[in-house]
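Asker: Protein chains in written order, with numbering that gives the first Met the number 0: chain A, 0 to 341; chain B, 0 to 262.
Warning: the hint list may mix true and false statements.
Unchecked claim - What follows is a set of in silico ranges between Cβ atoms, one per label pair, in the way DEER data are often shown:
hint	chain 1	residue 1	chain 2	residue 2	range
1	B	ARG225	A	LEU184	22 to 28 angstroms
2	B	GLN193	A	GLY173	41 to 47 angstroms
3	B	PRO144	A	ALA174	37 to 43 angstroms
4	B	ARG225	A	ALA21	30 to 36 angstroms
5	B	LEU75	A	ALA24	31 to 37 angstroms
6	A	ARG138	B	PRO63	51 to 57 angstroms
7	B	HIS222	A	ALA185	46 to 52 angstroms
8	A	ALA21	B	LEU79	30 to 36 angstroms
9	A	GLN53	B	ARG204	21 to 27 angstroms
10	A	THR62	B	LEU170	24 to 30 angstroms
11	A	GLN53	B	SER200	31 to 37 angstroms
12	B	PHE214	A	VAL28	36 to 42 angstroms
13	A	THR62	B	GLN193	40 to 46 angstroms
14	A	GLY328	B	PRO15	14 to 20 angstroms
Hints were generated in silico from the structure; no laboratory data involved. Each residue gets a CB set at the ideal place from its N, CA and C atoms; glycine is no exception.
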Amino acid sequence: MHMADALLSPAVGGGMWVAAAALSARASVKLRSQPSESLAPMMAVLGAFVFAAQMINFSIPGTGSSGHIGGGLLLAILLGPHAAFLALASVLTIQALFFADGGLLALGCNMINLGVFPCYIAYPLIYRPLAGDGSSPSRRLATCIIASMAGMAMGAFAVVAETGLSGISELPVGAFILLMVPIHLAIGLVEGGVTAAVIGFVSRAQPEWLVYNQAKTQPRGRPFRRIAACLLGAALLTGGLLSSFASENPDGLEWSIEKMTGKKEIDGIGHPIHATLAGWQSKTSFMPDYDFRKDDAASKDDVRESAANPGTSLAGVLGTALTLLLAGGIGLFLRLRSRKHP
Amino acid sequence: MRTVDEFDLLAAADSPLHAIDPRAKLLVVLLAAAVIASYPRHAVAAMVPLFLLPAAWLALGRVPLGFVLHRLLPALPFVLLMAIFNPLIDRVPLIEAGGLALSGGWISFASILLRFLLGMSIAILLVACTGFNTLCSALLRLHAPRVFVVQLLLLYRYIFLLADEARRVRLAYALRSGGDRAVALPVAGSMLGQLLLRVMSRGQRIHQAMLGRGFTGDLPVRHAFRWHGRDTLFLLGWAVWIILARAVNIPDQLGRFVMKVLA
Chain A
0 MHMADALLSP AVGGGMWVAA AALSARASVK LRSQPSESLA PMMAVLGAFV FAAQMINFSI
60 PGTGSSGHIG GGLLLAILLG PHAAFLALAS VLTIQALFFA DGGLLALGCN MINLGVFPCY
120 IAYPLIYRPL AGDGSSPSRR LATCIIASMA GMAMGAFAVV AETGLSGISE LPVGAFILLM
180 VPIHLAIGLV EGGVTAAVIG FVSRAQPEWL VYNQAKTQPR GRPFRRIAAC LLGAALLTGG
240 LLSSFASENP DGLEWSIEKM TGKKEIDGIG HPIHATLAGW QSKTSFMPDY DFRKDDAASK
300 DDVRESAANP GTSLAGVLGT ALTLLLAGGI GLFLRLRSRK HP
Chain B
0 MRTVDEFDLL AAADSPLHAI DPRAKLLVVL LAAAVIASYP RHAVAAMVPL FLLPAAWLAL
60 GRVPLGFVLH RLLPALPFVL LMAIFNPLID RVPLIEAGGL ALSGGWISFA SILLRFLLGM
120 SIAILLVACT GFNTLCSALL RLHAPRVFVV QLLLLYRYIF LLADEARRVR LAYALRSGGD
180 RAVALPVAGS MLGQLLLRVM SRGQRIHQAM LGRGFTGDLP VRHAFRWHGR DTLFLLGWAV
240 WIILARAVNI PDQLGRFVMK VLA
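All chains, please: the whole structure from these sequences, using the hints.
Answerer: Structure (structure tokens):
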């Protein structure tokens, strides 16, 4: 499931962008240090294969619905983690640009959620140790399913964490996890099964294709530590950005405090809104109407401000309608003019 | 992959927006994405001035509105699903006008939809009025890693080839199964495996052919654009508008002004 721009704050989106960029840089360095002529052309082809494979829907038994493969684990098995991560990153970029999947700010998040977990965690830490020599089909099936489910669940957790940190959605983290993780475990089950079937087919028909990545991925170093360091770095960066953001823009914080007190008063008094609004009115009335700067600071959270008195609320609606009309009008004017002078 | 074809057709057209340096367009879109995300979660009216961006680009780039809406539609369900929780959870009334109370949840719901519409339509217009290859060469000029850009360019070329391949497989299955659109799960593995084998051997052949023509792992990219004065103007103008819209609640100010005049 793609993370969406609309649910992201700039701090979380930016932090994940930096982390994703660092990981891609690391992946390309790793690839360059293990030269193999056959891997480079396969990256682009298999990235495109993900698109092609997603055009083929299969029916999911017992649900009456149909789905398609995600392809993260499959690419990792075929290409090895680094090449697979780069291939997936490019797939996600094209999905963001052409198919409105996620968005540009969320691209970093999506590379982490859908790329890092299958390529750098599920594949090397779960699939590789469990897969054995690949001679037993049932073992392959079990391994693929476990790795795929784990990767999906981690991706789902990451979506929850990013959404929660951004604070645009109101969904409490606990409920969101309960919503996301079971769905993704089910998706992982199907994905793992299909991945195992594809790998099984290839190993019967053309086993030499599978040797590609096997030769290069002897267990080396401790991949887990580096990945953990990278993720920790992303978390710290996000935290740092978030806190600096919060101190630069006190209105967000102020607002949430206001909201809390507002809720308190609702519990207490009969006409809660009026009480809150009265408090606001007395606050805002200190600011003279013509003082642009202060006025603006107060109206940062326009809704609350406009709620402060019915007159302003009308002004807000009127102004919004006018702005929309003006924007549309300018667009229409430009279009008509361009038609006249092509 | 008809979507991608349509993008290419639009990108091949000529318009004032097509003529702008892709780097300027890309930077404006990135700035807009960051600024849209930075609005507080109950912002609705304050975001509306940013609609000037897609409205003007639609017109300047001569892109049909239906095209953009069509591209937005498939991604909408997920955003709706996420946004619908806000009104269910946050029921504290924020606005009251004429006996009608709107809860904070509905306002943040509207805010999420606005964010989606704004951000996505701008990104779609960027690709539709620039073209993927030009965008990639702009990325290179902005010092994006070369390996990644080459990967993007190759992937983009392969998508068209492989989509045809997948379409043939799908058609073959539909013909033999009495028109089923979805493949039975037990068949899916070998069908995708078959597709994968074809794709890989095809990739291998193409790569051999490319090597035969002197491919060294790097695609030469033509930079068919130069930075003009109008590009600076374009970038600065939009940047000022975007930042102004974020800093000042324009609809609110406009509404007050009109009310004052009317009163």
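Asker: All hints are to be evaluated individually against the structure, with a verdict given for each.
Answerer: Tested hints:
1. B:ARG225 - A:LEU184: 22 to 28 angstroms: 53 angstroms, violated
2. B:GLN193 - A:GLY173: 41 to 47 angstroms: 44 angstroms, holds
3. B:PRO144 - A:ALA174: 37 to 43 angstroms: 39 angstroms, holds
4. B:ARG225 - A:ALA21: 30 to 36 angstroms: 32 angstroms, holds
5. B:LEU75 - A:ALA24: 31 to 37 angstroms: The hint (31 to 37 angstroms, Cβ to Cβ) holds, given that B:LEU75 and A:ALA24 are roughly 34 angstroms apart.
6. A:ARG138 - B:PRO63: 51 to 57 angstroms: 54 angstroms, holds
7. B:HIS222 - A:ALA185: 46 to 52 angstroms: 47 angstroms, holds
8. A:ALA21 - B:LEU79: 30 to 36 angstroms: 33 angstroms, holds
9. A:GLN53 - B:ARG204: 21 to 27 angstroms: 23 angstroms, holds
10. A:THR62 - B:LEU170: 24 to 30 angstroms: 25 angstroms, holds
11. A:GLN53 - B:SER200: 31 to 37 angstroms: 21 angstroms, violated
12. B:PHE214 - A:VAL28: 36 to 42 angstroms: 22 angstroms, violated
13. A:THR62 - B:GLN193: 40 to 46 angstroms: The hinted range 40 to 46 angstroms is violated for A:THR62 and B:GLN193, with Cβ atoms some 25 angstroms apart.
14. A:GLY328 - B:PRO15: 14 to 20 angstroms: Cβ of A:GLY328 to Cβ of B:PRO15: about 18 angstroms, so the range 14 to 20 angstroms holds.
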